[in-house]
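Enquirer: With the sequence shown counted from 1, adding 13 to any position gets you our numbering.
The calculated DSSO-like cross-link candidates involving lysine-lysine, where the alpha carbons are at most 27 Å apart (straight line), are:
1. Lys133 / Lys101
2. Lys164 / Lys177
3. Lys200 / Lys31
4. Lys115 / Lys31
5. Lys167 / Lys178
6. Lys101 / Lys127
7. Lys167 / Lys115
8. Lys177 / Lys200
9. Lys178 / Lys164
10. Lys31 / Lys134
Source of the hints: derived by calculation from the structure; they are not laboratory data.
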Amino acid sequence: MLLAKEFVAYLSRQLTAKLGSNFIEIANPAAVAEIINNVVIEELTVEDRLNDEVRNLLEEYSVYMSNNGISYSEMFRKIKNQLVAQRKIVRAAGRDTGDAMKLSRDKINEISHKLIPVLKKSRECRFRKDPNDVRLELVRLVSDVLLNEDKAEKAARAKIRTQKKEIPEGSEEWDLLHKRYYAEELKNLGIDLTRG
14 MLLAKEFVAY LSRQLTAKLG SNFIEIANPA AVAEIINNVV IEELTVEDRL NDEVRNLLEE
74 YSVYMSNNGI SYSEMFRKIK NQLVAQRKIV RAAGRDTGDA MKLSRDKINE ISHKLIPVLK
134 KSRECRFRKD PNDVRLELVR LVSDVLLNED KAEKAARAKI RTQKKEIPEG SEEWDLLHKR
194 YYAEELKNLG IDLTRG
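Please take these sequences and the hints and turn them into a complete structure.
Expert: Okay, structure coming up:
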């Protein structure tokens, strides 16, 4: 998943707190945050499940592909693109579509469109403004939080690059340093993923 579950939980709490001031009357903030969290997680795992499906498909043809010199990554990309188009899946990765953030603007819009009917049905909140105004505010708030997350991500990567020895991305050492620096940078931006 593109965003860690802890970050999605933080994002959900932030959206609940900031929407509750002017846009939605919230009876139970924890329940509303949980609703938002569930919708966002579901939307982010759509592409993960598709990736698993493509891997399973390619596993069946691995011998054929190796015998005919077909690149796994090229075939993965082709099959995934075809399934994305057939199923009309909105890609989650922003960097794939030229967006600066981890999530694409299209995916943020998709999430906002899925959240509005779920929140309207909930007994835990009542809309104070037009649903589309609430949706647009959701898009703005998610984008703001993700821009801060992107700053933390870039700063963590920059810190790793400044190490005396080169640390290859994907190595255990790189992962440990990234996790530590990323958490530090988030805290510097006022984002604490550990708070409930």
